[in-house]
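Visitor: One-letter residues, chain by chain:
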Amino acid sequence: MASIAFKNVTKRFGDTVAVDNISFEIADNEFFCLFGPPLSGKTTILKLILGLERPDEGEVLIDGKPVNHVSPARRNVAMVFQNLALFPHMTAEENVRFPLVERKMSSDEIAPRVADVVEKLHIGHILHKSPAQLSGGERQRVAIARALVRDPVAYLMDDPISALDARLREETRVELKRIQHELGRTLVYVTHDQEEAMSVADRIAVLENGVIRQVGAPSDIYDNPNSAYVAGMLGAPAMNLIDLDPDRPSALGGALPLEGITVPAGATKIGIRPEDLTVGYDGGGAGKPVEVYEVEPLGGVTIVTLQSEDITLRAMVRGQPQIRPSSEVSLSVANGQACFFNGQGEALSA
Amino acid sequence: MTAIHLENLGKTFGSFTALKNMNLEIADGEFVALLGPSGCGKSTTMNMIAGMIDPSEGAIRFGDRDMRGVPMSRRGVGFVFQNYAIFTHMTVYENLAYGLRATGVAKAQRDRRVHDMAEFLHLTPLLKKPSAGLSVNILQRLAIGRSAIMEPAIFLLDEPLSNVDAAFRAVMRTELKHLQREFRQTMVYVTHDQLEAMTMADRIAVMDHGKLLQVGTPIDVYNNPSSVFVAGFLGSPGMNLVKGRSVEAGGFIRVDLGEAGMSTPLPAHLSASVPEGASVFYGFRPEHCELTDGEGLRLPVTFVERIGARTIVHMGSDGSAVKCVFDNRVPVRNGEVVSLAIDPSNVRVFDAETGAAIGGAN
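Heads up: the sequence lines are chains H and U, in that order.
Counted the way the numbering used here counts, the first sequence spans residues 1 to 350.
Counted the way the numbering used here counts, the second sequence spans residues 1 to 362.
Isolated chain U (complex conformation):
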């Protein structure tokens, strides 16, 4: 069991800065997701934790132990990659037992641990099968099991689910989370998929362009994004960000959203923080809107996407494009102009120039 400390961590490749000034404390037994688009620095960070590459700046400590110069094999980390590394000439059992055998674990104990892990990952019926010929899904599950069985103090996973199919990914999300809850390793999980980060991690670290932008619990980051980037990156669809200008009316600030109309007054804590006449993004989540017969933002419906349990209604265009999520029976049609009521307590406002959130959490 080990905490990970990243201190002013940086990495440059020639003139390219992959990571800059990263500070992050990952607690013992915590599940942290490094989330961001490709090129954000998440894999670079993980590779430095693993010891595969050396930092250009800063330090990595496991507990109070400085990892400078400690080779990968002596860091006590388990690693699972996007492309499963399985010995295809071995059976499932032999793959699971491989690391235990290599470290000299006695046969009886080895056998017990293999069976426990196989049971946990639903691999028991396959133990005697050769790995060659197993599906991609099963191979990735086996790769996770082979690493987890060593009970590493730190478990690093780099996009482990991006090659498996969608249905299986949903199952594996639950299993991985449960695995970590059971074994309580410190887990660092790299992904570009906000859904995986949201559903599994204790905390999410959102990264972009080599910078750590925000760290927090999934719900906290989702509800109170610190910037338009984070707001848009989390959620499916992401937060709506409508460009507008703040105006004062009767002691409260409203946002003039152009053709869509005027927002309702911002709640007191936001009215107090948003200056008048500022260029801002008016942010709200797709699930925080309702169709109304009364006053609301007026937006033309451009597309109605009915996908099972939910309907995504696309509205407006360009600077005022909005998506709202309703249940599957919502009666709207393409081309119709709807009136949208937005729950004021869930409105977020961002500075249009810097992209930073204004006013903080309510």
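Bound conformation, chain H alone:
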């Protein structure tokens, strides 16, 4: 059981500032997700928690105790690696036992601890198999079991399922969430996949260039991003960010009417989620018509890409509407669902 805290932590590699004066707290038993593009500092933060790197400034705390000078082995934090590196010449069971054997524990001590994690991860039926005989999801569970058998206070995962194909990822992330919920252990999870981050995390920290831009519950960040950067990071397709027309309640040179929507003072851009951009394709609509660039049917929903002057917009329409490329449609904002940003990209509340 462990909480983890960073207090004004900075980590440099030569001239590069990998982590720039960041502070946050991860609660005991929390599923905490570090989310950001490559080189935003996610993996460096994991290494600082593990003790593989030491901060240049600031303090890392585990359970309230400073650990800057505690060796990785004595922090008792377990890492599940990106490639789920299992030893190929060992069976699943030997893999799970390995960390305890390595610590020279006796068989009597090892057996009950292995039995415990095996039960929690539902892997009793595959223990005799070698990693090559296991499916991606099974390998995953064995790798997690191996990390957990040490009984760590927290465990860390660095993009653990990115190598799986799309369908398996969707299933595995739900499984991971279930496992973490049942184990009740602090989990720090790195991903660059926004859908995965929102699916699994209790809270997400959105990173950019070694700085945390926003921390919060996934739905809070999704609904109330504090900046255009964060708004653009969550959601697929990404939020549409459009310049407001000067001197009138519209955007896109009149193609997107905003009558009845309160635009906060100082706003220069409006942000609209694709699901909140309504596409009128039966002739009506108040705004200037906009041309359809591409139509992508997903079955349950349809993504419509629109081009207005030099701006590309994406709308997500429910079902299978009859919208054709190169046809003209009208745009409006559904239920006034929009965000506003100033010239610095900061969110403004209406």
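If you are wondering where the hints come from, they were derived from the structure by calculation, not from laboratory data.
Be careful, since some hints might not be right.
Pair by pair, the computed Cβ-Cβ distance ranges are [stated by the list, open to error]:
id, chain 1, residue 1, chain 2, residue 2, range
1, U, P331, H, D282, 44 to 54 Å
2, H, E182, U, E336, 13 to 23 Å
3, U, F87, H, K288, 37 to 47 Å
4, H, K288, U, V330, 33 to 43 Å
5, U, E151, H, D310, 20 to 30 Å
6, H, E109, U, F87, 50 to 60 Å
7, U, P331, H, D20, 33 to 43 Å
8, H, H122, U, R298, 17 to 27 Å
9, U, N21, H, S327, 18 to 28 Å
To give an idea of the chain U side of the interface with chain H (calculated C-beta under 8 Å), a few residues [claimed, not checked]:
id, residue
10, D193
11, M198
12, I219
13, F303
14, H314
15, V325
16, F326
Listed below are several chain H residues computed to face chain U (Cβ distance under 8 Å; list not exhaustive) [to be verified]:
id, residue
17, A166
18, S219
19, G300
20, P325
21, S327
The structure displayed is predicted, hence computed values, not measured ones.
Every residue gets a Cβ at the ideal spot worked out from N, C-alpha and C, and that includes glycine.
Fit chain U to the supplied structure of chain H, relying on the hints for placement.
Guide: Relative to chain H, chain U alone:
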């Protein structure tokens, strides 16, 4: 511009059958996606079209021309692989111009075509840059441009987007589709990602274990899958398939779904095709269900996955596991038992033994 005909195409590697009896007509200017899990035979099919490997059986024709014995270099195909093949010692411009130069296209025309393609793929600001050091995303875009600039009659792409990141993949999907709409090559696109196949292709060919299972427009295959495999493979999440037994009641067939309860009566065309007392899968898409206070399937919620615009609610377990997609504000909680109304016009029924759809399209 060329149509592709695959006739009884087959390929064996030793005792392993990679592809069996494949028949597919790809029209001139059509965008066809070969979709399936790894090992389904999709890349084998593409490699035979390209001329990289020879068929063990059957024939490939481009238009009315038999391709037997025609080497890859003389088939007029452009090929883009998962791992972009870019000359890293050249600039972006030189990479784009490479094929045109090799085939002796005059400088003025070469220059114009490079600039047109660069403009189309948003590479113009990078033309003078060395390719070494460009991001994976940009390199893959360049690889596509380098192949497309030759204006091949047939354009073959093998998982070209699997190494680029998710956000960029979404952009490239739209661009590739638009590229093909513009140039009207015959395009064959291999992917295991149903989303790519659905969003880009004119028609999808779904494959599994070396067999072609179903061919049709994305929406047609999505709405009327011919088998449980296709039903489950398309969609995110795939179609719900709940095991049950058909019972007759008042002239209509219902499906007894065990603990989840009894389905509503099947529509007339399905009631007429589904025999009584049959073991079946009751299929419906995650977006075709609604929470109801009234009668419906009773299922315990096991997990609520809120991912931005949508919420995936996981319900039931094992044989009656169901996922439904709602908007992001749906008020459900873990552990609660919900009542689910399913739009009967969107119900599909499959034979539990063979997996084949019963009753066809409505």
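Visitor: Minimum Cβ distance from P325 of chain H to chain U below 8 Å?
Guide: Hint holds; P325 of chain H Cβ to chain U Cβ min 7 Å, cut 8 Å.
Visitor: Are S327 of chain H and chain U close enough, Cβ to Cβ, to be under 8 Å, as the hint says?
Guide: 14 Å, violated
Visitor: Using Cβ atoms only, decide whether H314 of chain U comes closer than 8 Å to chain H, and label the hint accordingly.
Guide: With a closest approach of 7 Å, the H314 of chain U hint holds.
Visitor: Would you say the C-beta atoms of E182 of chain H and E336 of chain U sit inside 13 to 23 Å of each other?
Guide: Between E182 of chain H and E336 of chain U, where Cβ atoms are some 19 Å apart, the hint holds.
Visitor: Would you say the C-beta atoms of E109 of chain H and F87 of chain U sit inside 50 to 60 Å of each other?
Guide: Roughly 59 Å apart at Cβ, these two residues keep to the hinted range, so it holds.
Visitor: Could you say whether the range 20 to 30 Å given as a hint is met by the Cβ separation of E151 of chain U and D310 of chain H?
Guide: This hint holds: roughly 27 Å between Cβ atoms.
Visitor: Given I219 of chain U as an interface hint, is the shortest Cβ-Cβ distance to chain H below 8 Å?
Guide: Because about 5 Å separates I219 of chain U from the closest Cβ in chain H, which is inside the 8 Å limit, the hint holds.
Visitor: Does D193 of chain U pass the interface hint, meaning its C-beta sits closer than 8 Å to a C-beta of chain H?
Guide: This interface hint holds because 6 Å falls under the 8 Å limit.
Visitor: May I ask you to test the hint 33 to 43 Å on the CB atoms belonging to K288 of chain H and V330 of chain U?
Guide: Since the Cβ atoms of K288 of chain H and V330 of chain U sit about 35 Å apart, the hinted range of 33 to 43 Å holds.
Visitor: Is the distance from the Cβ of P331 of chain U to the Cβ of D282 of chain H consistent with 44 to 54 Å?
Guide: 32 Å, violated
Visitor: Assuming the hint says 37 to 47 Å, is it satisfied by the Cβ distance from F87 of chain U to K288 of chain H or not?
Guide: Cβ of F87 of chain U to Cβ of K288 of chain H: about 46 Å, so the range 37 to 47 Å holds.
Visitor: Any CB of chain H closer than 8 Å to the CB of V325 of chain U?
Guide: Check passed: Cβ of V325 of chain U comes within 6 Å of chain H, closer than 8 Å.
Hints 1, 9, 16, 21 from the earlier list are contradicted by this structure; the remaining hints agree with it.
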